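Asks: So you can see what is in the structure, the chains are spelled out below.
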Amino acid sequence: MAEPIVKIENLIVEYPSHYGMVQAVDVPWLEIRKGEVLGLVGESGCGKSTLGMALLRMVRDPGHIASGHIWFDERDLVSLTEREMRDVRGRRISMIFQDPMTSLDPLQRIENHLIEAIRVHEPQTARAAAYGRIVELTDRLGIQSRRLPDYPHQFSGGMRQRIMIGLALALNAELIIADEPTTSLDVVVEAQFLDLLKELQRSLKLTILLITHNIGIVSELSDRVAVMYAGRLVELAETLPFFEEPLHPYTQDLLASVPNIELDDDQLRIMDGVPPNLIDPPTGCRFHPRCRHAQSRCSRQNPPLQEVAPGHWVACWRDE
Amino acid sequence: MTLQNATDDISLLGRFLRGRKWYGAEWYITVAGGLILVAILSMTFLTILAPSVLPFDPTDNQVGAPFTVPGAGLQVALVLADFAGTIDIPTGLADLEKTPGVVRGSNGNVYLSNNNIKRTRFNDLTELLAGLRSGEIVVAVVDAEQAQTILADHGSEFRQLGEPFGDRYWLGTDQRGRDMLSRTLAGGKTVLLVAVLAALISGISGIVTGLLSGFWGGVLDRVLSLVMDSVYSFPGLILAIALAAMLGPGEINIAVAIAVVYIPTYFRVVRGQVLSIKEEVYVEAARSLGARPWSVLFQYVFPNVVPSLVVVFSLNVADAILTEAGLSFIGLGLQEVPDWGWDLSNGQNYVAAGQWWMIALPGLMITLVTLGFSLLGEGLSEIYNPRLVEG
Numbered sequence: 437m438a439e440p441i442v443k444i445e446n447l448i449v450e451y452p453s454h455y456g457m458v459q460a461v462d463v464p465w466l467e468i469r470k471g472e473v474l475g476l477v478g479e480s481g482c483g484k485s486t487l488g489m490a491l492l493r494m495v496r497d498p499g500h501i502a503s504g505h506i507w508f509d510e511r512d513l514v515s516l517t518e519r520e521m522r523d524v525r526g527r528r529i530s531m532i533f534q535d536p537m538t539s540l541d542p543l544q545r546i547e548n549h550l551i552e553a554i555r556v557h558e559p560q561t562a563r564a565a566a567y568g569r570i571v572e573l574t575d576r577l578g579i580q581s582r583r584l585p586d587y588p589h590q591f592s593g594g595m596r597q598r599i600m601i602g603l604a605l606a607l608n609a610e611l612i613i614a615d616e617p618t619t620s621l622d623v624v625v626e627a628q629f630l631d632l633l634k635e636l637q638r639s640l641k642l643t644i645l646l647i648t649h650n651i652g653i654v655s656e657l658s659d660r661v662a663v664m665y666a667g668r669l670v671e672l673a674e675t676l677p678f679f680e681e682p683l684h685p686y687t688q689d690l691l692a693s694v695p696n697i698e699l700d701d702d703q704l705r706i707m708d709g710v711p712p713n714l715i716d717p718p719t720g721c722r723f724h725p726r727c728r729h730a731q732s733r734c735s736r737q738n739p740p741l742q743e744v745a746p747g748h749w750v751a752c753w754r755d756e
Numbered sequence: 009m010t011l012q013n014a015t016d017d018i019s020l021l022g023r024f025l026r027g028r029k030w031y032g033a034e035w036y037i038t039v040a041g042g043l044i045l046v047a048i049l050s051m052t053f054l055t056i057l058a059p060s061v062l063p064f065d066p067t068d069n070q071v072g073a074p075f076t077v078p079g080a081g082l083q084v085a086l087v088l089a090d091f092a093g094t095i096d097i098p099t100g101l102a103d104l105e106k107t108p109g110v111v112r113g114s115n116g117n118v119y120l121s122n123n124n125i126k127r128t129r130f131n132d133l134t135e136l137l138a139g140l141r142s143g144e145i146v147v148a149v150v151d152a153e154q155a156q157t158i159l160a161d162h163g164s165e166f167r168q169l170g171e172p173f174g175d176r177y178w179l180g181t182d183q184r185g186r187d188m189l190s191r192t193l194a195g196g197k198t199v200l201l202v203a204v205l206a207a208l209i210s211g212i213s214g215i216v217t218g219l220l221s222g223f224w225g226g227v228l229d230r231v232l233s234l235v236m237d238s239v240y241s242f243p244g245l246i247l248a249i250a251l252a253a254m255l256g257p258g259e260i261n262i263a264v265a266i267a268v269v270y271i272p273t274y275f276r277v278v279r280g281q282v283l284s285i286k287e288e289v290y291v292e293a294a295r296s297l298g299a300r301p302w303s304v305l306f307q308y309v310f311p312n313v314v315p316s317l318v319v320v321f322s323l324n325v326a327d328a329i330l331t332e333a334g335l336s337f338i339g340l341g342l343q344e345v346p347d348w349g350w351d352l353s354n355g356q357n358y359v360a361a362g363q364w365w366m367i368a369l370p371g372l373m374i375t376l377v378t379l380g381f382s383l384l385g386e387g388l389s390e391i392y393n394p395r396l397v398e399g
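If you're matching them up, the sequences are chains A and B in order. Position in the first sequence (first residue = 1) + 436 = our numbering. Position in the second sequence (first residue = 1) + 8 = our numbering.
Keep in mind the hints are simulated off the structure, nothing from the lab. These numbers were taken from a predicted model, which means no experiment stands behind them. Virtual Cβ for every residue (Gly too), placed ideally from N, Cα, C. There could be a bad hint or two in this list.
To be verified - With beta-carbon atoms standing in for the labels, derived distance ranges:
no.: 1; chain 1: B; residue 1: L283; chain 2: A; residue 2: G481; range: 21 to 27 Å
no.: 2; chain 1: A; residue 1: S453; chain 2: B; residue 2: F242; range: 36 to 42 Å
no.: 3; chain 1: B; residue 1: W224; chain 2: A; residue 2: K470; range: 34 to 40 Å
no.: 4; chain 1: A; residue 1: L516; chain 2: B; residue 2: L49; range: 30 to 36 Å
no.: 5; chain 1: B; residue 1: W224; chain 2: A; residue 2: L577; range: 34 to 40 Å
no.: 6; chain 1: A; residue 1: A502; chain 2: B; residue 2: E259; range: 43 to 49 Å
no.: 7; chain 1: B; residue 1: G226; chain 2: A; residue 2: A502; range: 16 to 22 Å
no.: 8; chain 1: A; residue 1: L577; chain 2: B; residue 2: T375; range: 37 to 43 Å
no.: 9; chain 1: B; residue 1: T375; chain 2: A; residue 2: P559; range: 42 to 48 Å
no.: 10; chain 1: B; residue 1: I260; chain 2: A; residue 2: M494; range: 54 to 60 Å
Make the full structure from the sequences, and use the hints.
Replies: What follows is the structure, given as structure tokens:
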């Protein structure tokens, strides 16, 4: 088993609001292993993107990391100064954003974006040398070097998302956080993009935290899958066991509600209820109001994340 | 392409050039404003670089007689009809045995005096003609317009000697005999210098404070916003008057007095833009790559603020010109330099007496320059406004 590159411990991210403190992320424990693709799934608002931002210490104001540790390279990212954290961003951990249409500065040429990405951390590198590196990099991404002086608006969404990968890869970051990288792409472009990402991941042995609500993408790319519900981690498993034998009731319902070509229409499940309000979350297990297997204990005590089979972790009292 | 792509992602110049296709009318407004400005600015620069293009010294009293009507000033030499000798006009006037006669305070008197020619002065035209008839003088120098009337009435008695000579005052003169054309041309320099200087001072201070305030927020933002809102709540001209009275005369002082009034305009625009741009994903993406706050501010945020600044600057210069003219009008502006506002305030005293030309041109110029900058500013703001691109 590869060694962990990131270890999250008791991480709590909070957003203050007029109605009280919103606990967006409450993850007791999570590891990302070197060279793996960890799929992080959950519905909108479950805290998966916030978790990704927390890894870069870039949770949007007024949100903040309330407590916990993020161990990376034997240092706790939570306790680093802003200056030290800037050194980590881009060079050690980088991010691919959801919407490539808005994540490039409209007034800067592509080459400038890429050269800047290198020179932010290596100011001693001459522009010419940096240019040589980005030509090599973009060639790998399928962007012709004659297009480098173009502006972002001259590129399609798929091309821009490739440029975003280029920015993330410019300094060989050890961990890449991809926050719903294909949400704004159409299906054909999405497939091309995923192929490219898979190819790059294999050849460069990238470690990727793939945040998505698209179960299909996870099944295709991930080595392991983590499921979040209402800010908490409810299940973590290798991809194959996860899809074959999901253990948490939420995961089971989630997978059952995904359209599948082998299923008949009437077998497609629609999950009851709505995700809870995080200002006043349900006591105990946060899923218990919607759970088909809820027991009296579920509303009183929060189930810990337990290893029920080798490498398969679940937070549910039923599996005890 | 979606609406947003069409506008947000194209460079400043590119957007301007494509404007004709996208915007129609607004584009022509911009061009019209631009043309007016090009004309006035090039005229002004010409007078700065080559003061010799001015027909007369704009500050020289007694270039001509007071209150000369526009287009007047040419002189004609009259002699008796039976005058037999020859005189080179006007050079010969200096060598006459009997000095030429003029009416006191006339353009003829001023002309001969400026050319150091001795002359005999009469109180009015009747005495001058009587002097000519009695042989006290041989040549009478009168305005060309008067000569026509005289010759029409007493054609048999007098005749014109040689061609008309002397200076023509295309826009007349003021009560001190200063040439209005020269003053109007030279006044542009003063007005534009003060207005552009004021716009630059207020622009730089407003942009810097706006950037810092919007980007860093917190206490700095609250304090700056409070200060700027207080300044903004003053009526502009009143504040400028108070400052101008405090600082005293002088180009820089006037510019500063005007600039203070407009700092909040820049501050508000920049701060608002920074607040919205700093939430853009590309700024977040830059931060996620480890960019330092300063480089985020100057590489990613500031360039995206610039388009709105072009518009504010143009409108601001227009406002500053009006304020400068206003200050001069009430006597707090510059002294002893040609200045449209001063001429306007000076000329208004004589309008009732029929000397309309003393306010007409300075007033027209103030209107035109302000109009030029306003049209340019409005046009640009339409062009850079993404909401108007549809259709």
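Asks: Are the hints correct? Go through all of them and say.
Replies: Hints versus structure:
Hint check: L283/B to G481/A, Cβ distance near 25 Å, so the stated range 21 to 27 Å holds. For S453/A and F242/B, the Cβ-Cβ distance of about 38 Å falls inside the hinted range of 36 to 42 Å, so the restraint holds. Our hint of 34 to 40 Å for W224/B and K470/A holds, since their Cβ atoms are close to 38 Å apart. Taking 30 to 36 Å as the suggested C-beta distance range, the pair L516/A and L49/B does not conform, at roughly 55 Å.
Distance hint check: the CB atoms of W224/B and L577/A are about 36 Å apart, consistent with the given range 34 to 40 Å. Checked against the hint of 43 to 49 Å, the C-beta distance between A502/A and E259/B comes to roughly 58 Å, which is inconsistent with it. Range check, G226/B to A502/A: Cβ separation about 21 Å, and the 16 to 22 Å hint holds. At about 58 Å, the CB distance of L577/A to T375/B disagrees with the hint of 37 to 43 Å.
Taking 42 to 48 Å as the suggested C-beta distance range, the pair T375/B and P559/A does not conform, at roughly 53 Å. For the pair I260/B and M494/A, the supplied restraint of 54 to 60 Å is violated, since their beta-carbon distance comes to about 46 Å.
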